[in-house]
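J.: Okay, here's what each chain looks like letter by letter:
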Amino acid sequence: MEVQLWGALAAAAGGHQTVEIVAKDIRELFRKLAEQFPGVEPFIEQGIAVSIDGTIYRDTWSQPLPEGAEIFLLPRLAGG
Amino acid sequence: MGFDPSYTGRQFKSVGTRPLRPDGFDKVTGRARYGADYNMAGQLVGRILRSPHAHARIVSIDTSKAEALKGVKAVITAADLPDLTKGNSGLFDILDNCMARTKALYDGHAVAAVAATDAATAEAALALITVTYEILPHVTDVDVAMQADAPLINANTFTKGVKPKPETPSNVASRSQFGHGDVDAGFAEADFVLERSFKTEQSHQGYIEPHACVAKVNHDGTAELWVCTQGHFVFRQQCAELLGLDVSKLRVTSSEIGGGFGGKTHVWAEPVALALSRKAGWPVKVVLSREEVFRGSGPTSATSIDVKVGVKKDGTITAASADLRFTCGPYVGPWAMLGAMTAFACYDLKNVKTVGYEVLVNRPKTAAYRAPSAPMAAFAVESVMDELAKQIGMDPLQFRIQNAAKEGTKASYGPVYGPIGIGPTLQAAKAHAHMSAPLGKNQGRGVACGFWFNFGGQTCTDINIAPDGTVSLTVGTVDVGGSRASLSLVAAEELGIAYENVNAVIGDTSSLGYNDMTDGSRGTFSSSMATISAARNAIAVMRGRAAKMWDIPVEEVVWEDGHAKALGEKHSNLSPLSVADIAAKAPKTGGPIAGHSELVADGAGVSFATHICDVEVDPETGGTRVVRYTVVQDAGKAVHPTYVEGQYQGGAAQGIGWALNEEYVYGADGRLQNPGYLDYRVPVASDLPMIATQILEIPNPNHPYGVRGVGETSIVPPLAAIAIAVSNAAGVRMNHIPMSPPRILAALDAKA
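So the sequences go chain by chain: A and B. Mapping the first sequence onto my numbering, position 63 (from 1) lands on 58, and the numbers just tick up by one. Just remember that my numbering sits 39 ahead of the position in the second sequence, which is counted from 1.
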């Protein structure tokens, strides 16, 4: 599936704004992303939010990635 | 295990009603215990010495005279808070902010602290500490700080997010960019293009209760902290890491909280109080004065924003861009990034680009403030949308409806939206009676919309069934706005019992698993999800106990209307068992009955609001009076509508203060000129009209009851709505927040 990265993460992933990764859930997505681009590991450590068809998941690494879903990686957000 | 958070569409009995909050009586009678209301045996008084300089190297600190003063039990400096952060730059910044190590980075930066037997002795001891400073050039303005010749705050700051990496350090700590399409091509298609620049001044969250805590570090390595906080588990983690304590041995209890709004998501004086207690060997209470709160804790960013929007004659936006420069204080944060992500989130844009710059300045460390950064970005963007609509002869509200984001829109921050509520809030505003009400002389109306992400997070909740059948609900998210009432309603709903039979408390860090803070509008969203899960687990236990009481298989027992009922004709002689019936027999059917839940609440869903505001501007004084205000916002499901309305009204009230008066004023020496409520004016009740609210309920598909967070979005539109209203009333565009009387008079004079 196509995974879209926000700007700073794309820079850490060799400038790729989108990457092709086959993953069943967020955990596998992060593992494969780090294998492919070791530079993204610090971002994963700090926290990456995953938008799946527009719904943002921050911590549920077991969340499935449905076939054909839009996957967009975002910075972990702060709130007040 | 196996908890399904999907929306169930159930018909509610308790949820949606408006019972009195359980903490209300104590609060209105002065009996509630806030941060400063707790005492430990033998406690000392802690006081903090703060830098009077905006930027200065600390050459030396001589504490000998203070230590020799009778009654002084401990004096600490940064040397007593050694760096245990192991290369974690974010944690190091927290440490350095709690107690300056080599440089004082803002007026009010803590440099030393004392613990003494009484306040007078502690204050006398502060006066005996000699700090030798080498005063350095300082900078407090965001645009000046970005200039190449600006005083450098941190020589190790090289702008992140640009390639190639800069060869020289600067105060621009980070650059972030969001958007899609081709904005240059989009602007070329436009019939009209409007560019405007805006500034917003730094404001404080303005919580009424100052930071306060009592700390006790014991000789065996255990410790206790009573503290006013939005997140006692997070405070435990950070304090333990900074002090080198085992996390489980630091027990943190959250007090009642007199406001936080993001400002109490950060540790400030707590590590200092613990370090004082560790050194003194006695408990230490630290209560910040109002002046210390302003000088040394949590303001939001000051900003400078440029917005450009292009539009066709038919009202279609062809492109939009914004550059957003946000102050961070002396430590990098995500503040401009959040502004860049949220700025155009309300709109359906083919071509959009936002760039955020995190700028270091000699001001206190920026802290989260209710939908952090979104209000300033919305002020700039909504002001341009309003002016542009008028330029092409369209009603500004209709212009927004025409360009509003919807399901399938690619959000300006990246993903494609699922079902969202911006359209319904705009339509509800359009239909609202407020929109057609006549305006008087010198009055103007403004409409603006706003967006915030909302999120969930780690959450742990316990339900314990008492022997009489009443229920204890223990949650780990601090109650900042009535959540104990809301969560009691949820427990009552799921268990099928009366609200009055549930008693909700906030557990300390030793009584529950880890909970994230009450921030990101997550308190009721997350803890209600965990409460539903815990209640379902308790019901499973009670069904099992009923089966034992009846000596039938558990599969033949269902839970309905707060009772265990035996299924089928063969059990028609078995009367339903209430919670009390089952609890009474608990000792003989397996012991105590409880339901626990530990989960990550995700899928909070984004949030939108539209506000309508009428103001009256006095052309003689420049003073502004808000005469009518209406908030329209989606709550998903309002668990306790009164407290949802309270969140809507509170956000609007804070926004009104920020828009019209609140402002950090720095002198040429970099010192804060107005660290008190006389000179930093927040609105009081007589300044405000009754703020009307309209709750929309578009269920969140990722919550069993459809709940969304409601705490933050309500502060996003006010700056813009009020600025547009003032501009309409005064006949001159106001592009600088706050719109204080001198600024409005200056604008009127310039127009004349």
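Just so you know, the hints here were simulated from the structure itself, not pulled from any lab data. Since we're looking at a predicted model, the values are computed, not measured. Take these hints with a grain of salt, some might be off.
[As the list claims (entries may be wrong)] Rough simulated footprint, nothing fancy, chain A against chain B, three-plus residues with beta-carbon under 8 Å:
| hint | region |
| --- | --- |
| 1 | 89 to 97 |
| 2 | 101 to 111 |
| 3 | 156 to 170 |
| 4 | 214 to 223 |
| 5 | 635 to 644 |
We treat Cβ as the ideally placed atom computed from N, Cα and C, and that holds for glycine.
J.: Failing hints, ascending?
T.: The structure breaks hints 1, 2, 3; every other hint is satisfied.
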